[in-house]
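**Student:** Fit chain B to the known structure of chain A by using the hints.
Each chain, written out:
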Amino acid sequence: MKDFAGRPVPRAINWNRVQDDKDLEIWNRLTVNFWLPEKVPLSNDIQSWSQLTEDEQRLTIRVFTGLTLLDTIQNTVGAPALMPDAVTPHEEAVLTNIAFMEAVHARSYSSIFSTLCSTAEVDEAFRWSEENPHLQQKARLILDEYDATSQPLKKKVASVFLESFLFYSGFYLPMHWSSRARLTNTADLIRLIIRDEAVHGYYIGYKFQRGMERLSAAERQEIKDFAFALIFDLYAIECRYTETLYDPLGLSEDVKAFLHYNANKALQNLGFENLFPDELCRVNPAILAALSPNADENHDFFSGSGSSYVIGKAVATEDADWDF
Amino acid sequence: MGGLVYFSSRSGNTARFIRALGLPADRIPVAADAPMPAPRAPFVLVTPTYADGAGRGAVHKQVIRFLNDPDTRARLRGVIAGGNRNFGALFALAGDVIAQKCAVPLLYRFELAGTPTDIARVTEGLDRFWKTQFSTAI
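Heads up: the protein sequence lines correspond to chains A and B, in order. Be aware that the first sequence starts at 1, since it is given in full-length UniProt numbering, and climbs by one per residue. Be aware that the second sequence starts at 1, since it is given in full-length UniProt numbering, and climbs by one per residue.
One chain only, chain B, in its complex shape:
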């Protein structure tokens, strides 16, 4: 299994999603001056979306800071994005932006803190994903 890294602001939706997954995960700090996690193994990033009406600013600054480290980026294997369908075409846009910028697959999108169906799909999906990743890596 690879790792999980997530960002969640103080509204806590993504943190609740991660807690429901029940998998070990490192949190990107909210405070700009706090130390960043530095994953040593392949990982999947879970992040909410913060876009304005035009799609600007979809990825939180702290997530950008985290991904600005080339070693971190090299270990990123996929992204799971939170959002709200109320934002229309921009739903979970952070996932699209990161997938495109970092050339990794967008693995899943969920709303707010997710539903039991989301948790089941992501649990099963991550398990399958890491098996494929590690079998092709050898």
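Isolated chain A (complex conformation):
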């Protein structure tokens, strides 16, 4: 008989014995939110695409190729790299979902390309993504932290920065087009990606915070110093990347406000304080409105934008959960 000594007992995952409620909460959230690019009628953007200038089209394809690279990294390296560090079997299962959705995101950009662009234009952009020094530099910085030898919490920091910060120099552009009634179906697809990335950043940030609780004060400080140093490095690269892409349209400063705003949100996902002061995070209201359309129809009282108290309008709720 074969000797099984040395190998731990293989264990089946039991979702009826959950050690961390967050695993089940996020599993449910991600699975309910599952989508595929075929759900979005991208072909309705063909006319709108033809109204962009050649430069605007090239910029858009390049930006989406840059986003594809980040999704590819997260799909094949980032999310799998977190699995050996999972503290519950359910966390591993959630990470497999995250990995797969990143593949869906990466695949979506190709759906946009095949609907709107010529093969030659797209091939040019993929070549560009391999040669652009800023894009390559940020990808390599993140991949270095994903190496198996890296400290588990440093991997999570890199992962949250990718999910909650690095995507946004790219996400800015479809939100900008959408605010001008351009490529609105493409923007709908990007909003689905943005929604998923928010859940990913939140969950990995949550697991990071649980991991930090197990460290000594000195170790926590070391990780925090690492996180702020890494975001400084990434921010410097992002600024250069932003300028090379957006300077011709005169949008770089507008994009940078969006970068600051999202860098702060990435740090908040890790449980840290903001890095950038509010003055540097004044995102163009048109971009915020494109990010969350209709969210500002109900003005809240303290913002002073409404004339009186506004009671929320009728929304779908689960009456069974809400039985007074």
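Incorrect hints may have been included.
Taking beta-carbon pairs under 10 Å as the criterion, some of the chain A residues facing chain B (in silico) [stated by the list, open to error]:
(1) 180
(2) 191
(3) 192
(4) 203
(5) 206
(6) 222
(7) 226
(8) 274
(9) 302
Over 12 Å on every C-beta distance to chain A, these chain B residues come out as not near it, computed from the model [said to hold, decoys possible]:
(10) 3
(11) 36
(12) 37
(13) 43
(14) 51
(15) 85
(16) 114
Just so you know, the hints here were simulated from the structure itself, not pulled from any lab data. Every residue, glycine too, gets a C-beta built ideally from N, C-alpha and C.
**Tutor:** Same frame as chain A, but now just chain B:
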């Protein structure tokens, strides 16, 4: 001044928002079997949002349990909701749901743990709100 009651899961965003406000506040427990706060005076509720892509489940079960007490609900004067603009039109939806169900104003919405601007607006807003509340109540 009226009171503050808040819910925050272990991700701690809303708890950090409350800490930055620096006002006394009671926390709704995360554990379903822990005792609920029972406010004896008018209060404002601060809660994050948990909606899925269709807006279902926006209000956390523990917040629903808290509000299911008619005496508690009678003392609720307004709601402040946390969320993330990444969720699009559903940003801070819990605030809309509670405002509508309980017929109270949605006072403010903030993202994650809030910003210094949010803290300043809510501090000033709550002060003004309670002054109006108590002057009209007399």
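**Student:** Against the earlier hints, flag every one the structure doesn't satisfy and list their numbers going up.
**Tutor:** 1, 6, 7, 14, 15 and 16
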